[in-house]
Amino acid sequence: MLNIKNLEAKVDNKHILNGLNLDIKPGEVHAIMGPNGSGKSTLANILSGKNGYKTKGEIKFDGQNLSELSTEERAQKGIFLAFQYPLEIPGVNTNVFLRTSLNSIRKARGEKEIDTLSFLKLVKEKSSELGIDEKFLSRQLNVGFSGGEKKKNEILQMKILQPKLAILDETDSGLDIDALRIVADGVNSYKNKDNAFLIITHYQRLLDYIKPDFIHVLSKGKIVKTGNAELGIELEKTGYTNFI
Amino acid sequence: MKTEDLKNSQEYKYGFTTDVENIRAPKGLNEDTIKFISNIKKEPNWMLEWRLKAFNRLKALKEPNWQKPKYPKINYQDLYYYSAPKSSSEKPTSLDEIDPKILETYKKLGIPLDEQKRLNGIAVDAVFDSVSVATTFKDELTKKGIIFCSISEAIQKHPDLVKKYLGSVIPLSDHYFATLNSAVFTDGSFVYIPPNTRCPMELSTYFRINASETGQFERTLIIADKGSYVSYLEGCTAPMRDENQLHAANVELVALDDAEIKYSTVQNWYPGDENGVGGIYNFVTKRGACRGKNSKISWTQVETGSAITWKYPSCILQGDNSVGEFYSIAITNNHQKADTGTKMIHLGKNTKSKIISKGISAGKADNMYRGLVEVKNKASNSRNYTQCDSLLMGNKCGAHTIPYIKNNNSTSTIEHEATTTKINEEQLYYCNQRGLDQEEAVSLIVNGFCKEVLQQLPMEFAVEAQKLVAISLEGSVG
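These protein sequence lines are chains A and B, in that order. If you count the first sequence from 1, position 71 lands on 71 in the working numbering, and the numbers rise without skipping. Numbering-wise, the working numbering comes out as the position in the second sequence, counting from 1, plus 244.
For reference, chain B alone in the conformation it holds in the complex (with noise of 0.2 Å):
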C-alpha cells in the first residue's frame, strides 16, 4: 500500500489530502459491493436490480485495449468502490452538518458552499469521493421546476425520471468501463429543466477524489426538455498520490425538441510526477443525445491534468437540424498522455456538426486525437466541420491525429483540417523582446492557440481556464 501523501511535489496545488473518517465498502468488485452500495444509498429494488443487472453483463466483457496509451492491469478486487465521510452517512439537510473540514477543502479549492459568499450565481453539487455533499442554490432553481440534485437523491425522489432516461443514452453494456459504471456507480448530479425554461445559472458539479486506493465512479445525467436551455460545468481534483487512481464516470445528456445542453469541463485530477508516478487514470464515458428536432449540444473541455486521459464525449444526432459541438483543448506535460477526441453520429436531416481540438503536448508526453464522423444514409444535407490542431513543445513529446470518417449520404458534406505546429523560437524572442519572460510569452501564445476554445467556456471558468492552461505548461519551454 502506498498511500503518503507526496508532499515535496509542489506543482499541483490541489494535491492535499483531508483527514476525515471514511465509511468503504469492502474491498472488491462482487455482488455484496453493488448491495453496500444501493443499501447504503437507500436505493429502491429497482435500481438494485438494474446494477446487478450490469453487474452481471459486465462478467461478458473484456477491456478494451484498442487505446494508444496502455496502463498496467488494474486489480478490480482491490479497488474500494464506495468510501464516504462518516459525517454524511446521513444526508446533511443543511450546511451546518457538513464536517467542517470537508467545507474547508472546498474552501481551498475556491469553491465555497457557503451560499452567502455566491459564486457569481452559480449553483454547485459538490461530490467527495462516492458521495455529493452539497448542493447550493436549491431553493431558487426549485421554484422554476428545475431540478439540480445528486444522482442518489434524483433515484429517491424523481424515479419517473431516472428511469425513463437513465443509460438511454449509454446502454448498460455499452463497453467494459461504462458498464462497471452502471454496476457501480456511487454519485454524481442530477438536472432535469422543465420545458421552455431557461436555466437562470450556471450550474456546476465539483469532483475531488480524497480517499486512496478508492475508484471514483460518477454517473452524471442531465435532461433539458422541450425548448429549454442549461449551461453545465464539472470541475475535477485530486490529492498527489504515487498510486494511479481509477475515474471512470458515465455523463449522459439528453436534448428534446429546440432545447440546448452546454457542458463545460475542467479537467484538473493529478497528473503524476514528473517521473510518470501516480496520477489518474481518466476513462470517462460521455456521451449526449439531441433526440428532439432543433435540438443542440455543445461539449467544451480543457482536459490538463490525469495520467492518462481516454475519452470522447461524443453528440448523436437523431433530431432533424439538431446541432452537435466538440471543443476540446488536450494538454499533455511530462509523462502525461491524452487518447481523446468526439463522436458525431448523423441520423436526422439537416444535422450539422463541428469540431475544434487543440492537442498541446510538452515534456515526454504524448496527445492523441481520435474522433468519428458518421454521415447514415437517412442524414440528408448534414454538414461536418473538423479542424485538428497540434502544438508541439520541445522535441521528446508526440501529437497524433487519426479521424475516422463515414459517409453514407451523397447529399452531406465532411470536412477535415488539420495542423502540426511547434512552438517557435521567433515567437518567443520577439514576445522576450517586448519584456515578456518565458512563462509568459509560452501562455500568450498558447493562450492564442486555444482561444477559439476558451471562448466557448462560462466567462466565470475562462479566466480560470487560462491560468490553468499556463500551469501546466510551466517549465516545458527551456
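Here chain A stands alone, though its shape is the one from the complex (with noise of 0.2 Å):
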C-alpha cells in the first residue's frame, strides 16, 4: 500500500530524514518510535503533504507517485493523519467540519454526498462507540476541547472518513489511562484487512492496547532497527541509547 525509497528531507537547509526506507502492506499496523528530533513528525507531515519540506527519493501509495498530489488529494485516497495538535477552527460546528470533509471525500470518489438523517446516524453510531457524548459535536471544532477531547476528535474523524491508511501522531501524548483507551479500542475497531496503521509515539505504552505487527526505531532520519512487539517492551526498559 505504501511504498517508501530512500527519502530524504530537509527543512531550511537542515536535514531531517536521511534515507528512509518503509513498506507498509493492507492489514498491517507499523509502530515508529524514536527520541525526540528524530524526524518521526516530520515523516507524518511529508506522507500528508504539508507545505515546506524539500524532498528527495520515492513514496507511492497504491502505485502512485504521492509527489504529484495535493494534500487533499491524498486525503480523497485514503491518507489520514491524526494531528498531534488538532487545530482549533471558530465558528465552525464539529459536525458541519466533519459533513463537509465527508462530502469532498466522496465527491472526489465519484459519490453522491451524504444526506442528512444518514449522515446524522452514521455520527451518532460512531460517537457512540468512542463515548462520545452528541453535545461535543454541536460546539465549534476543538475550541475549548481538553487535550483528550481532542483526540478524541481525531478518531472520531478517522472512523467517519475510513481511510486506508491513518497515521496517527502521538495520539497517546497527553492522555490519561482511559481516553487511553478508549483511542485503542477506536483504533482495533476500525483495523480490518484492508487498511493500515502508522503510529507514531514515544511511549510502550499504547503499543499495550494497540499491537504493533511492526516497531521501527527511528533515529536521526533513518530507521536503524525493525522488530516485532517485543521489541517496545525492551525499549522501554533499556531506552533508545543502545539502538542510536
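Don't read these hints as lab results, they were simulated from the structure. This list has only true hints and no planted wrong ones.
Quick list of simulated restraints, FRET-style, between CB atoms:
no.	chain 1	residue 1	chain 2	residue 2	range
1	B	625	A	12	51 to 59 Å
2	A	178	B	661	31 to 39 Å
3	A	15	B	703	52 to 60 Å
4	A	143	B	388	38 to 46 Å
5	B	444	A	113	28 to 36 Å
6	A	220	B	669	22 to 30 Å
7	A	67	B	520	36 to 44 Å
8	A	11	B	668	14 to 22 Å
9	A	136	B	703	19 to 27 Å
10	B	444	A	143	35 to 43 Å
11	A	27	B	703	44 to 52 Å
For each residue, glycine too, the CB sits at the ideal point set by N, CA and C.
Could you fit the two chains together into a complex? Lean on the hints.
Put into C-alpha cells, the structure is as follows:
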C-alpha cells in the first residue's frame, strides 16, 4: 500500500530524514518510535502533504507517486493524519466540519453527498462507540476542547472518513489511561485486512493496547532497527541508547 | 465615455447589462433636473419644494474628506440623475405590463417577480435604475394594513405619513451625500406597519443599476408603529463597467413604542476588476431612530461588493429601554476599500447597544472599522458592547479599527474588544488533510469567522450570503 524508498527531507537546509525506507501492506500495523527530533512527525507531515519540506526519494501509495498529489487529493485517496495538535476552527461546528470533510472525500470518489439523516445516524453510531457525548458535536471544532477530547475527535474523524492508511502522530500523548483505552479501542475496532496504520509514539504504553506487527526505531532520520512487538518492551526497559 | 461591458471578466456573475430603452433626465445637477424628476413622478408641490430646499442647502455643503479611502473628484454635472426604462414611464399596474427584458433581468438575478413562483413568501420591490418596476404580494399585505410600495407611490398615496417621517431621522442638510440624495432621490421602498401588527413575511427590495453614467439615489423609509415588527432585506447588483458609478442612498427607519425593525443588507455591487478599474462608489446614509420606549432596531450587513464602501448604519436610541444592534461583515478583495461601521447614540435611560463587526481583507484591499458609541448625560444605566474582529489574507492588505467612545454618564458602561488575525496556514492544512480543497477550506474558515453575523440574517438569505462570502474571496489564497 505504502512504499517509501530512500526518502530524504530538508527544512531550511537542515536535513531531517536521511534515506528512510518503509513498506506497509494492507492489514498491517506499524509503529514508529524514536527520541525527540528523530524525524517522526516530519515523516507524518510529508506523507500527508504539508508544505515546507524539500524532499528526495520516492513515496508510492497504491502505486501512485505521492509527490504528484496535493494534500487534499491524498486525503481523498485515503490517507488520514490524526494530528498531534488538532487545530481549532472558531465558528465551525464539529458536525459541519465532519460533514463537509466526508462530502469532499465522497465527491472526489464520484459518490453522492451524504444526506442529513444518514449522516446524523453515522455520527451518532461512531461517537457513541468512542463514548463521545452528542452535545460535543455541536460545539465549535476543537475550541475549548480538552487534550483528551481533541484526540478522541481525531479518532472519530478517522472512523467516519474511513481511510486506507491512518497515521497517528503521538495521539497517545497527553491522554489519561481511560482516554488512552478509548482511543486504542477506536483503532482496534476500525482495523481490518484492507487498511493499515502507522502509529508514531514515544511510549510503549499505547502499544500495550494496540498490538503492532512491526516496530521501527527512527534515529537521525533513518530507521535503525525493525522488530516485532517485543522490541517495544525492550525499548521501554533500556531506552533508545542501545540503538542510536 | 466608456460604457462598453467588460465581458471578459468572469468573476462577477451579475455583470451583464440589459438592453432596454431609457428615458433620461438631461445630464447635470441643477433645478431643472430636480423639476424634471419631480414632474415625471407627478409629485405634489410640497415634495418639489422639499427637494429644492435640499438643493439650496447642498450648495453650501462640501463633500466630506475625512474617510480613509480617497477617490477621484466626482463631476456631478456629468452624471445622469434620472434613468428609467421607457416601458414604465407610466407605472405598470400589473406584471404583464412590465418590459419582458426587465422581468428577464430579475430572473437572471434569481429574483422572480412573478407571484406564481413564490419566493418563499418574501414580498419583493424591484428598483431598476431610478424607478421601482414591481412590488409583489401587495394585496396580501394590504389586508393587514401594511403598506409596502415604492416611495414614489407613497408620496402620492400616503402623503401624511411621508410628510411626517421623511427627513425626520436624516435631516435635510445632514451632510453632502445625504443632502444630495434629498434633492435628487428617484425611487426606493416605503414600508408602514400599523400598530400591533407583525409583518407576516420578509419584505425585500432588490436594487439594480443598469444604465451607464447614472447615479442611483434611492430613498427608503420604514416606519414600525407601536408594537409592530418587520424584517426587511435589500440586495444590490450592477453591471460591470469600467467607469465608477455613484450610489448614494438614504435609508431612514423609525421604530415607535415596543416596535422592532430588523434591516438586512446583502450588498454585492460591482467591485471593479482585479486591477481596481470600475466599480460602484457605495456612499450610503442609513439611520434608524428608536423613537419609542422598548423599541429595537437591528442592522445586519454583508458588504462584499463596491469599489468603495463608505457607510455607518446607525441607531439613535431615544426611547427608554430601547435597543440598537449592528452586525456587519465587510469583505474587501483586490483593490476594494471599505470604511464602515456604525454609530450608537444613547439618549434614553437603560438603552442597550451591541456591535459585532467582522472585517475580512484580501488581495491589496483596505478594510476599516470606524464606529462611534456615545452615551449622553441622561442615558443612565446604558450599556454598549462592541466586538471588532479583522481577518487578513495575504500580506498586501490592510485592516484598521477606529472606535470613538464618548461616555457622559457615570452609571453607563461601554465595552470594546478587538482582534486582528491572519488566516492560519495550519488551519488550512488541517482542512486540506480532511479532503477540503483550498477554496472550500477558506470558505469554511471565513464563514466560521463570520458566523455570529451570518446567523442574524433571515434563513432564506443566510445560505446565499455564505456562498457570496466564499465567492468574494475566491483565488485570494495562493
